[in-house]
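Engineer: Take a look at the letters that make up each chain.
Number of protein chains: 2
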Amino acid sequence: MDFSSFLTSLGTSFIIFVILMILFAWLCTKPGNEVIYYPNRILKGMEPYEGSRSKIRNPFAWIHEAISSSERDVINLSGLDSAVYFVFLSTVFGILLLSGIVLLPVLLPIAITENNPGVKNSTGKNAFQDLDKLSMAHLKENGSRLWASVVACYWVSFVSYFLLWKGYKHVSDLRAEVLASPEVKAEQFAVLVRDIPPSSEASSKKEQVDTFFKRIYPDTFYKSMMVTDNKAVNKIYEELQDCKKKVVRAEIIYENSKKGPKPVKPTHRTGFLGLLGKKVDSIEYYNDKIRELTPKLEAAQKVTLKEKQQGSAIVFFTSRVNAASAAQSAHARMIDTWTVIDAPEPRQILWSNLPKTFYERETRQYVVYFIVFLTICFYMIPIGLISAFTTLPNLKELMPFLSSILDQETIRTVLGAYLPQIALIVFLALLPKFLLFLSKAEGIPSESHAERAASGKYFYFSVFNVFIGVTIGGTLFESFKEIQKKPNTIPERLATSLPGNATFFLTFVALKFFVGYGLELSRLVPLIIFHIKKKYLCKTEGDVKEAWYPSDLGYATKIPNDMLILTITLCYSVIAPLIIPFGAIYFGLGWLVFRNQVLKVYVPKYESYGRMWPHMHARILASLALFQVTMVGYFGVKEFHFTPVIIPLPIMTIIFSFVCSKKFYRFFQSTALEVACHELKETPNMEIVYKSFLPPSLVPEKHDDQQFEKHDDQQFEKHDDQLFEENV
Amino acid sequence: MDFSSFLTSLGTSFIIFVILMILFAWLCTKPGNEVIYYPNRILKGMEPYEGSRSKIRNPFAWIHEAISSSERDVINLSGLDSAVYFVFLSTVFGILLLSGIVLLPVLLPIAITENNPGVKNSTGKNAFQDLDKLSMAHLKENGSRLWASVVACYWVSFVSYFLLWKGYKHVSDLRAEVLASPEVKAEQFAVLVRDIPPSSEASSKKEQVDTFFKRIYPDTFYKSMMVTDNKAVNKIYEELQDCKKKVVRAEIIYENSKKGPKPVKPTHRTGFLGLLGKKVDSIEYYNDKIRELTPKLEAAQKVTLKEKQQGSAIVFFTSRVNAASAAQSAHARMIDTWTVIDAPEPRQILWSNLPKTFYERETRQYVVYFIVFLTICFYMIPIGLISAFTTLPNLKELMPFLSSILDQETIRTVLGAYLPQIALIVFLALLPKFLLFLSKAEGIPSESHAERAASGKYFYFSVFNVFIGVTIGGTLFESFKEIQKKPNTIPERLATSLPGNATFFLTFVALKFFVGYGLELSRLVPLIIFHIKKKYLCKTEGDVKEAWYPSDLGYATKIPNDMLILTITLCYSVIAPLIIPFGAIYFGLGWLVFRNQVLKVYVPKYESYGRMWPHMHARILASLALFQVTMVGYFGVKEFHFTPVIIPLPIMTIIFSFVCSKKFYRFFQSTALEVACHELKETPNMEIVYKSFLPPSLVPEKHDDQQFEKHDDQQFEKHDDQLFEENV
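These protein sequence lines are chains A and B, in that order.
The first sequence begins at 862 in my numbering and counts up one residue at a time.
The second sequence begins at 862 in my numbering and counts up one residue at a time.
One thing to keep in mind: the hints can contain errors.
Pairs count within a copy or across copies, as identical chains cannot be separated in the list.
To be verified - Derived lysine-lysine pairs resembling DSS-like cross-links, with alpha carbons at most 25 Å apart: (1) K1301 x K1524; (2) K1523 x K1294; (3) K1096 x K1157; (4) K1163 x K1096; (5) K1066 x K1524; (6) K994 x K1075; (7) K1084 x K1066; (8) K1523 x K1301; (9) K1400 x K1107.
Just so you know, the hints here were simulated from the structure itself, not pulled from any lab data.
Take the sequences, apply the hints, and build the full model.
Structural biologist: So, in structure tokens, the structure goes:
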């Protein structure tokens, strides 16, 4: 790739970005589109447009809004987890900015003015001669100019330590502030109890739990809620909900037809997919069904609550301090009974995982680790098998109806060439879901924890396979044998092949941010899907809301991707400093774009109170260590006699990581009591706290309990904590 | 060494043992000796002899008494820590007994009937040909009879796992029982707070602590006690105590002289060592001094309590559950402030370590680890240096007054030959004290914890240097270079040199138990010292009591020694099964002897509620793993093709150790709440609990506080918890 084609690639990306930006500025002012561009604000009951709403908006107004928004706005509108993501972005941006300010003006002139007769231009498939002149590859072997690179390594490392330390402290402060807030949060008054031992007495499990906790906390124990096996009741509940929805829909259709010349009662057939069977009046049919299902649900609820109690419970305390301290104390002598941990938010509890016993969880965890290890190292094997299996002759045999298509010459060539790649793309697209599935299979009790676990697994996959894979060439599996023979050659192998791939990664990063962020901001795909759905599928208000209801930020896949970019940028930062501005733009622009998206679009699925941060912190340090080890290798390749001066760096990274986790991590595992003891705005209404944890299928249909107002009940049915806090 | 000299050595040891036993049976019935042979019973206020006291006692009566005593007796008389030591002894005895029952009848005939023409007799310095015929060394290389040894390895391992699991469970039950006991124990109502951050407000440290804990525990917080810098007040207090003692002594001398013809008032000189200066009347002089010191002490106490508060405190709760849960919860967000742990018993607190800050403790810990590492690996260097320095010519130069002695021929020869050995013996005698000093220097808050830490260090020293040192020959340091080159040859090196040293260790173990236990039981040394002191030094009742007051069991040095014997026995168990009975006798006889000593003699210095057990458990497993690794090496030396069948064993040991510590260990770190929530006999008198933690030098001399009876004050002055519990 020469310099002009590099610029062309860069320019194309940039033009796409500009077009998407203009599209965004135009589309977001269109009347019907607020629900796509401002759903978070709408759901919070705010005006979509801040301040004056002018039809012709400044296309850069969103940038101004994003910059002028404060951390407090983010926490209020989208929770602490989103705020932590911005701390991550700004920390990394800071690292790259400070590195770039020093490295670019120092290393580039040193490299370009070097007169190295023996220089070998890099020869990788993506090699690019002009860039080489700006890189460390151009420096003389064992020359004194390499000392500049040594200093650069130290500078990048120290900048990282400094900003990471500040970041950890800041996130810890934020977490403390949010956890100490005077609002009543249901999960702060509850703990999750697992591994309840089989009761020796004839009493029910619930009585056993009550007795146990009443004895230990005679003053502050409020109530317990047993986790039950809800399969049967859930089925009836869903059927009932479905009928209710269909009644509403049928009524709307009927109402609409009344406006027309001939009112027609909507009908449908009861058989397969509404195509076969008797034709019935929909409204009557579903109303009958609702009347039939409601007592059935009530009966099922009673049976479930009484007879399907599992070995897990949620226990409520009237004091926030007591709940926090209970979650940190060993209640039983053995680790495998009465495990007590912080209760997750009701909306993110993975109910089916709760009754899993200690040994089941441990076993599952190790099995999952092993599967992930196999996936990372040998993921090419199943793909290869699938490709082999889906060759054209095989396909024709399996699916004879395709043979007329497959016989055509051009289609055959294209398919033959692309089938393995398609298999790979499908695999990579399914991978995050697969990893999330695996993480949930470990028996993790909450959605946020499962996403963190999946994100960790994805990080290892992407660093090993994308970064090391692309650099060394082929997957880890291929170079496995060679590495096995000489395991200490990994840094060297990595180092020799790095410069040749610099351009590939440069364009990769640029493509990522220009096209990726352009699509993100303009939300073209959700917009198109919404309009199609609205036109052809949506009948009721609820349907429309469902069509535009935004997703959440998608931590589990977003962070490993960011980490990959960071790893690439850090590893090249000293070898080819030209990559630093690209990395800095990726994170700086990312900050801007996501600030906009978080404030206006995404609705967080859960709140984990910043528990993502230690995870990010550890991954950033892992990237830094990889960079430092690579540099040790690269200085070795450069035959630099003083290479050992770099060796203290990875050791310092390990010590730094150890010190940070020792100092800060405990507070991220559990709530410190000095934080939990802050005063509340008012005494919590424990019944509301209790009900917010009730699964919707177990909420009594008839509200016999008259002491709560209507709007309270709605709240816990919605399981929307945000609303809950506002009203309490 | 041939068979007859082996028997001679064994016989001599046995005869010494028999003589000591007879001496014991005779001496312990002598009237003046009860205080040496039954001090624990006397201090507990019991009759020294159980049941009928006949002058001519059966010399084996003590064996009957030891066997018929129950675990409950041990806990009542000597605390849980002693009971745990018996669990240790009986577990190890069980392992060796069950191993011996299978291994001896199986392996000995197999070895002796083997017809191995190529057998090489072992050639070590302690080699012993007859024993070789009974050992694995006699088996054919790669013969099928080696399978019996493989089975034996598995048998020993599984027996160990089974008994260790049972032991851990049993100790955990005992600990729960003692911790849940309805008696009020002061330390169960207190927590130790360290790393109190500097207060920003003008308030005193005590106010800061009170405010902090009152906020978190509004209902159960009772009081706090600041740790103060007591150096000045301690000095005055000790002087005062000394004067009081001397007054009593002078009065007794005066009383005694009244009985004589001419009553003489005792006098002494005030100058250096009572030899120079003015002659004064002792009684008057000391009484004057007491009158002078008492107000001085009171003033110093006030200053200390107000102005010398340190960054550490003991905080009292009115509820046992709350104290237990507080010790397990993070109180502050950062690990380096407000560290809260279980309060140790008052009598074992290392006061001067409490105010050490978190970072100081961490730094000290790593420095100490490093020093211990150096001591273990290179302890021969300083000894070598000292020996070189103390050669005869050097000695003469340094201490010319010795030259007349050193010039004599025989003395010169003897000294020249023994000087290095003397240096080594002095070093080994001082080592436990040195390791205890190092452990205390780490900043550990309690005596028991420091002894555990010292014991751990001593274990590594003894295994590495005595066992591996004697076996491989020379110290680790000497074979360091060779091992460094090929680190994976350690098991092989160990294995090749093992059989040659079997006899050495056989006689070593026999000597240990015959002579060691004989001396232990007969208590000849304390008896002689007591009688000398009583005759020449003791004047008052207190002096006599001080002379016979027994020591404690001495965990810190006893356990590493037992562990060394266990390591030796296990490592030889399959190679030379003849060692098993010796090991079994060592632990079985040890159980008997120490049962007697614990019930009648030793007074425990502290109670750590069985926290020693996880430490012992880990060390037993380390010995087992060393045995298994050695066997892998030895099968390799025997050119056994199926050697890999042994490799699962060390892996299983690691997994077993991991599972045990995961399942049981947490309860040994802190009190489980289900245990702490058991009901108490009565509401604790918190003022007594509080006062039991007051250092004696800070107890007010005049008891202005009239609400406590005299005997309560005596209790906390004595710092004897046992008594305290009985009276409360």
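Engineer: Each hint should be assessed against the structure and marked as holding or not.
Structural biologist: Structure-based check of each hint:
1. K1301 x K1524: between (29 Å within a copy, 24 Å between copies)
2. K1523 x K1294: Neither, since 32 Å and 32 Å both go past 25 Å.
3. K1096 x K1157: Classified as within; 11 Å inside a copy, 83 Å across copies.
4. K1163 x K1096: Answer is within; shortest intra-copy Cα gap is 15 Å, inter-copy 74 Å.
5. K1066 x K1524: between (40 Å within a copy, 23 Å between copies)
6. K994 x K1075: neither (74 Å within a copy, 67 Å between copies)
7. K1084 x K1066: Within. Shortest intra-copy distance 13 Å satisfies the 25 Å Cα cut-off; inter-copy 39 Å does not.
8. K1523 x K1301: between (27 Å within a copy, 23 Å between copies)
9. K1400 x K1107: within (10 Å within a copy, 103 Å between copies)
This entry does not satisfy hints 2, 6, going by the numbered hints stated previously.
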